[in-house]
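Now for the letters of each chain:
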Amino acid sequence: MSNTLTKLRYRYWPDHVFGELLQKQWMETAVPLLVLLLTIAFFSSRIDNFISPANLSDTLRQASELGFVVLGMSLVLIVGGIDLSVASIFALCNLTALYCINVLGLPAPAAIAITLLLGAVLGAVNGVLIGYMRMRAFLTTMVTLIVYKAIHDLLNFQLAVAISSVIPDVPAWDFLGNGDFLSIPAVVWVFAVIAIASHIFLTRLRPGWYVMAIGGNRRSAYNIGLPVNRVVAMSYVASGVFAAISAIFYASRLASPGADTGKGLEITVLTAAILGGIRLGGGKGSVTKAVLGTLIILIISNGLLRLATPAGSSRVILATILLLAAMLDIRWFKNRHKAVQELYVSPSYLELPKSPPTDAASPFALNDRLRNVETIGLGEVESPEDVILDKDDNLYCGSRHGEIIRFFAPDYKRREVYARIGGQPLGMAFDAGGTLYVCIGGMGLYRVRPDRTVEKVTDETNRSLLSVVDDSRLRLADDLDIAPDGRVYFSEATIRYEMHEWPTDSLEGRGNGRIICYDPRTNKTHTVLRHLIFPNGVVLASDKQSIIFAESWNCSIKRYWFDGPKAGKTETVIASLPGYPDNINLASDGNYWLALMGMRSPAFDLAMRKPAFRRRMSKRLPGDEWLAPNINTGCIVKFNEKGEILDALWDLGGANHPMITSMREHKGYLYIGGISNNRIGRVKVDGADPEFMSSGRYHV
Amino acid sequence: MFDAVSSLISSVFSRGSSLSVPILDGALKPNNMIEIATIVAERQGLEDLALGPDNTLYAACGQDVLKLSDAGDFTVAAHFDQPVTALAFTSSGELAAGLSNAVVIGGRTLDSADGKSFVSVNALSATPDGGLLIADGSASRPYAQWSHDLMEGGRTGRLLRHDTASGRTTTLGSGLGYAFGAMADARGRILVSESWRHRLSVIENGRARVAVPALPGYPSRLAPTQDGGFWLTLFSCRTQLVEFVLQEDDYRHEMMRSIEPKYWVAPALSSGDDYMEPLQGGSVKQMGILKPWAPPRSYGLAVRFNADFLPLYSVHSRTGGRNHGIVAVVQRGDDLFLLSKGAGRVLRLSASDIQSAWAKGTNE
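Those protein sequences? They're chains R and Z, same order as listed.
Just so you know, we're using the numbering used here here: the first sequence kicks off at 1 and counts up by one.
Just so you know, we're using the numbering used here here: the second sequence kicks off at 701 and counts up by one.
Bound conformation, chain R alone (with noise of 0.2 Å):
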């Protein structure tokens, strides 16, 4: 009862996508939006009629006001710097707006670009010591902050009555205060629109993407060529301007001098800012974030006022929430990494089918006949995942120092590198006009032409409807084979994990394998199953319509039909085998090699039933401590269509093969290969065709 239970939760419950969701870059942004949406529902649940439609223009108006500084603040964040000057320039440019309209009687167009000018020229003070004087961001903009508002308050003091005895009658100017259009305010109009191009900016735009490299490592930035000192003072000058756009609207809305202008703003700004998630240490930002945080810091401002609560302690609130942001932001950047792994392996439930017996009377009874096999290359080659052999019967196997080696016949005792590729090879299989093509782990699918010049056949496929994270990108291509049109199919065996991961694979022993198709006449790479365990070994099948592979944590072996009456359909050849299979080959009687590259154990099939405890397991214990499958003894064995096992081979004890990854029949002997071993096998298999050849009969 609870066992089935397990499976359903197991089944139905997608683990996997919430390790996925949290690599995302925007579930950064899902978590001040949550933020945002609880501060609503606690101040609307506290407050009659705090969503009522006057109060959210009211809301929205001086969120705009306030977003245009935060967005200044952000830029300037991001590239790894702060500004403290803001509410100073704030103030200051309120009063030179408030001056023009009032006293001097200059057009609101005039009055306008005289303030914006003024933002520009104090944030490029601040620009210019910090971003060409190489001064700290920090004591810089505290300096300008103090010198701007003593300026502002000489200035204060001598024209705020001047101001104050002036009603100007400027439409215009009005209209920027207090008008609406189609019933939103028109500071948020504008607001919406110079977000949106900073948005633009930020993502889209080469001056934007300076900004964030510039944020992210400013000497890399320095070092690939990047404009730093310039960027970093332009910043500073955005800053001021959208400070001056602030307080156009401020300005225009309350006509207010007062020597309390701006007082307070840079810390409400600043928490704003790292509320949205905008990282102190730069590199990291958005606008949305910025629009978020400052939507945050208002609603609880605002919602602080109508709870009544004192200034004083609404202004220890505010407080409190920037270090709590800035300790959160700290712990979160540090951690994160952690977090993703903790949540990204997310073992299901893999009952596998009772092992079938491998004693004396059985199809696997156990022999030493791999004991004796000669040995090529013993120490010369490491790690030959797949061995294929050519027409004038040299043999040519991967590394994982990425190369392809060729040993020459007859003896096998010289060799030399074939071609240098940089990933290690998997599967190989000749085409007819002798070009190898190969699985590359972390590469995909290449291919060798007799010249021996190295090219990509296709590194990506189609992008499968629901996938959270991309999955178009072949991450470990392992085994092919040429169909007679010259179609390649070719496992992935998980689009999770990247090859030397294989071991986290097997401990999720979910379906996160591929059988993909290249096909050369559209040259279009398309996946044609998912969902597989670990697909492994692909070999087409004797009817020329089907392909025969393996699932290799699911110990069984598959057929699926790609053309034909049964195109499309996947039937299972073997259910169960006592071991983990890789790959398939034919062989010179009409069946097939099967590689077993180890023996399932007792131990960890029932830990496959358990995927609370491999989780558990794979948090608290390092990889080299895990239970894993037994790779330590594998065989080969020979089967049929019909899924009858009509022969074995072992090495018990692995003296020279304990992991069989392949093996290839050619001319009488078997070539035998391992991904973690230092030699190739040959034996010679007795009745078996002398001139047989298992690869190279069809065109790509």
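Mixed in with the good hints, there may be bad ones.
Stated by the list, open to error - Covered by chain Z, according to a simulated footprint, are these stretches of chain R (three or more residues, beta-carbon under 8 Å):
| # | segment |
| --- | --- |
| 1 | 596-610 |
| 2 | 617-630 |
To be verified - Pairs of lysine to aspartate or glutamate residues, derived as EDC-like cross-links and limited to a Cα-Cα distance of at most 16 Å, are as follows:
| # | chain 1 | residue 1 | chain 2 | residue 2 |
| --- | --- | --- | --- | --- |
| 3 | Z | K985 | R | E382 |
| 4 | R | K619 | Z | E943 |
| 5 | R | K610 | Z | D1034 |
| 6 | Z | K985 | R | D624 |
| 7 | R | K391 | R | E342 |
| 8 | R | K610 | Z | D950 |
| 9 | Z | K991 | R | D624 |
What the hints assert, rightly or not - Not everything, but these chain Z residues come out facing chain R in the computed CB check (under 7 Å):
| # | residue |
| --- | --- |
| 10 | L719 |
| 11 | S720 |
| 12 | F944 |
| 13 | Y951 |
| 14 | M955 |
| 15 | Y963 |
| 16 | Y975 |
| 17 | P978 |
| 18 | G981 |
| 19 | G982 |
In short, the hints are calculated from the structure, not lab data.
By construction, the Cβ of each residue, glycine as well, lies at the ideal position given by its N, Cα and C atoms.
Put chain Z on the given structure of chain R with help from the hints.
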């Protein structure tokens, strides 16, 4: 502060304690001495060693007690109707044999003490004053099922003292985490191995006081040396995986129910011969070699301690070796005899060679 809070949180929500296992370092630095030791004799079923009154070596093997000549020949000295699980000679020269649920001294058979039957007698050791220490590993599982007792978290071992003169048997300590080996040292202190607690304890006034804590393996039988110190055998090393499985009740119970004991995730006396044994990630052969630092399923280890319970040096057979599961040790002059239960061998090393190799640092 965050660390304190997070450790508080994890102590509430996570299962059990830390899984760390002491590493082999210092006096326990690995070498290959047991692996390359001289093989004195080889025989399936070897269980315990003892030095007879005639200064010859005796071995318990199956249902027999065998006399082992220096040439490595066995002659039957005594035969019992059950497997012999422990062997010793009293100070008066009488043969004492443990039979899991009984102890035979001379011709007398003891099958209980303090009203409780013997269940798992696994070590005997004579004291100079004519007594015999009896380690009864578990009150629930016979000796052959020691791994059941480990997986059940056995804490029912007891240590007894039989007085050969009066014939009385008294309990020295109980509630031990598997008593497997006992000894009275030159200062008269009574030492007992507590395998499942990975420590050596001294019994004082009926209480066990920790003498050597946090051993990296499962301590088993001990043997005194001339200088007041002793040799301690550890029949296998601990692994984090076993510690983890000991905390995983659901998995462990189902494993015990449905899987043969030799395929359990549990320490073993030998390993590597059967592909159905569980394997750990680090034990996957790379380039044809099983790395000696891979997590050990079985291991060969004996440690020399001085009279102050400080480890001086040790001899090893590492992961991938044959001479694993060292359960008994006897020193006779310069000859150190070790019994590898995993390989079914009696091995010989020279005590002075070991000492000089460690002194010179050539003990690789």
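Structure-based check of each hint:
Taking a C-beta to C-beta cut-off of 8 Å, the segment 596-610 of chain R contributes 10 residues in contact with chain Z, enough for the three needed, and the coverage statement holds. Coverage of the segment 617-630 of chain R by chain Z holds [criterion: at least 3 residues with CB-CB distance below 8 Å; count 12]. A C-alpha spacing of about 13 Å is found between K985/Z and E382/R, which places the hinted pair at or below 16 Å, so the restraint holds. Our distance criterion of 16 Å between C-alpha atoms is met by K619/R and E943/Z, whose separation comes to about 14 Å.
Our distance criterion of 16 Å between C-alpha atoms is broken by K610/R and D1034/Z, whose separation comes to about 52 Å. Proximity of K985/Z to D624/R is assessed by CA-CA distance (about 12 Å); at most 16 Å being required, the pair is judged to hold. Among the hinted pairs, K391/R with E342/R is inconsistent with the structure: their alpha-carbon atoms are about 50 Å apart, more than 16 Å. Proximity of K610/R to D950/Z is assessed by CA-CA distance (about 9 Å); at most 16 Å being required, the pair is judged to hold.
About 11 Å separates the Cα atoms of K991/Z and D624/R, which keeps this hinted pair within 16 Å; it holds. For L719/Z, the suggested interface contact is upheld, since its CB lies about 6 Å from the closest CB of chain R, less than 7 Å. Interface hint status for S720/Z: violated, as the beta-carbon distance to the closest one in chain R is roughly 10 Å, over 7 Å. Because the smallest distance between the Cβ of F944/Z and any Cβ of chain R comes to about 6 Å, under 7 Å, the interface hint for this residue holds.
Because the closest C-beta pair between Y951/Z and chain R is about 5 Å apart, less than 7 Å, the hint holds. The interface hint given for M955/Z holds, since its Cβ lies 6 Å from the closest Cβ of chain R, which is under the 7 Å cut-off. Checking Y963/Z against chain R: minimum C-beta separation of about 5 Å stays under 7 Å; hint holds. About 4 Å separates the beta-carbon of Y975/Z from the nearest beta-carbon of chain R, less than 7 Å, and the hint is met.
Given hint, P978/Z at the interface with chain R, holds; its Cβ is 4 Å from that chain's nearest Cβ, closer than 7 Å. A cut of 7 Å between beta carbons decides the hint on G981/Z: the least distance to chain R is about 5 Å, and the hint holds. A least Cβ separation of about 3 Å between G982/Z and chain R falls short of the 7 Å threshold, and the interface hint therefore holds.
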